[in-house]
Amino acid sequence: MEKFKVLVVDDEQDFLETLVNRLKKRDIDTLGAASGEEALKIMKDNLFDAVVLDIKMPGGMDGIETLREMKKIQPLAEIVLLTGHGSVETSIEGLKLGAFDYLLKPIKLEELLVKLSLAFEKKDLHSHKIRNLKIKELLR
Amino acid sequence: MKNTLYSSLRRKIILLTLIVSLAPLILLGATIYYQFEKMYREKIEEQIKYRSQAQAEAVDRFLKTRMAILGAMADTHSFWQMTDENYLSQLFQIMNLRQGNFVDLGVIDNVGQHRAYVGPYDIKKFNYFHEPWFDEVMSKGIYISNVYTGYRKLPHFIIAVRRQENQQTWILRATIDPEVFGEIVRSAQVGKTGDAYIVNSEGVYQTLPRFDGEILSKSLIQPSLFGSGTAVLSADGKSGRRLLYAGSWLKNNKWLLVISQEVSDEMENLFETQYMEIFIVLSGVLAIILTTVLTTRMTINRLIANDARMNELNAQLMQSDKLAALGKMAAGVAHEINNPLAVILQKTGWMEDLLLEEDFQASDNLNEFKSSIRKIEEHVERARKVVHNMLGYARKMEPHLEDVDINDTINQTISLLENYARNNNIDIQTDLSSRLPIIASDQAQLQQVFLNLISNAIDAIGKDGLIEVISRISDDQVTVSIKDDGPGIPEDKQKRIFDPFFTTKEAGKGTGLGLWVSYSIVEKLGGRIGLKSEVGKGATFTVEIPITTPEKK
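Chains V and B supply the protein sequences, listed in that same order.
Quick note: the first sequence, position 24, residue 29 per the working numbering, numbers continuous.
Quick note: the second sequence, position 302, residue 646 per the working numbering, numbers continuous.
Treat the hints as calculated values from the structure; they're not laboratory data.
Zero decoy hints are in this set.
Example chain B residues on the side facing chain V (calculated, C-beta under 7 angstroms, incomplete):
#1 679
#2 683
#3 686
In silico negatives: residues of chain B with every beta carbon more than 12 angstroms from chain V:
#4 613
#5 807
#6 818
Positions of the beta carbon are idealized from the N, C-alpha and C atoms, including for glycine.
The whole structure should be built from the sequences, with the hints applied where relevant.
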């Protein structure tokens, strides 16, 4: 089976580093980005199954904007939002824009893993559907 | 401090009002009192003076008439006619025919010898040459004596006129009936205390006074005190009462006709009027004092009540300001804490991950590490909960209006807590008003408030007790009271009871956020939450919720 490919976007360096390490340790192919801009750049070169995006990053691109751009670059990548209490409304806006789900910080890794696997399943389903559609198209 | 302020204010208002309102009243009263008395006295003096004058004139007329009669008799008769006692007697009868009031009549020659006499007394033999009046009548031609007893030992006075007839000079002398004369004077003795009499220039009674004295005895009057004509003066009488005297001089200032009157007798009407005036003024003063004191007390009491209400409002305002500020701060702090917490949680998670590796598994302290990490996670979780509570409610603050039946909400809340209460042998009783309307409010938040208050009550009681939940309706609000019979809350803690992180529970047992959150919820819903408690008498929390009618759908 293919490896999970996950991108973690968070401006808190310690958090980012640790989360990336822990995901990697669970055999998930993980990359980290410290800002929205950096994340978009990475996404142009690499395909991801899921993105963990901190919605509140002071300075630089804000979470919603980043989310919108990501959906343009890789519409199939499922995006899990990380949010503080003050930005739940923003997260809900994010869901409307096509984010998969959101989690309240501070998160437990187990919760994140559950969400990621759900996201992956969904993404897989989508991919299959698309693949099947393509096959059908070819057969026609 | 405040009380002395109020009472000094009260004193000032009362004093000022009294001075301003009483001073003119008393001044006016006193002026009327004295002016009236002065006028009245003047009137009385005027009256008595007039009476004295009139009486003196009457007496004067009487004397003058007698002198004229006597003079006419002397001038129209010759000495030899007069010395005929039969003729004289006839003349005497004619003179007395129409109120002559002569007692006797005598003719005296120029050496003082009685030459003829008609009258009841045997005095013909007397010679008057050495009497003082004889000289006077011889030189002045007419004489009226003082009252004296003379040879006949009876008080009387005489009138004598001189007749110059050729070489012969003689005197016609008559005695005036003292009774008749006295009667004229006495006719002025009026009223209960009025007196009228004549004294001579030495102050000896010439007529019988009504009180205190005999004819010819010395009176208390000092005639020298009376000026010329008619004079009025007042002096203390024998009885010690004040008397008013009016004296008119008669008979070439030899006699003084005195009319006297007790001042009190004449002044009775005045005194009555004055008493009445004093009574009216005093009633006015009393009414003013009473009204001033009462209205001032009323005003001050209203002021005190207003101040108290103002203070209460201020306190409430300060409380809500304080809580709002604290809330903002708490939310800010909580937010800042969340990020480090997230990092810590990840780091400990990473450490746990690493501990699974083989070289660590062999370590002696593996279990120590594991339990330390677990502890760290546990406490991060605790901190997370605090932050979650704080931010969670802040997040949900915007009320979501729906139709709420408050009694239903209360009952649901109690059913949630019933088991917990029963385990601690605490009885929860309800007394819910059946008239509560359905209102527009936020059921979930209200339930949160009731849950906090009732579970606090259970915690406060501990074991064995009673909680009463009462709902009532007033004009524009529903009031829910939650009353426990626990230990009560000391006053110093009551002020801080709604502050975030303030708790009376043991460390670790309560976050100190429940009442703060309840306070914020109720305030957001437009109501108020209050506390009444005394140590040893339990505590009553009151939630007031405005009645907002749901919009018609």
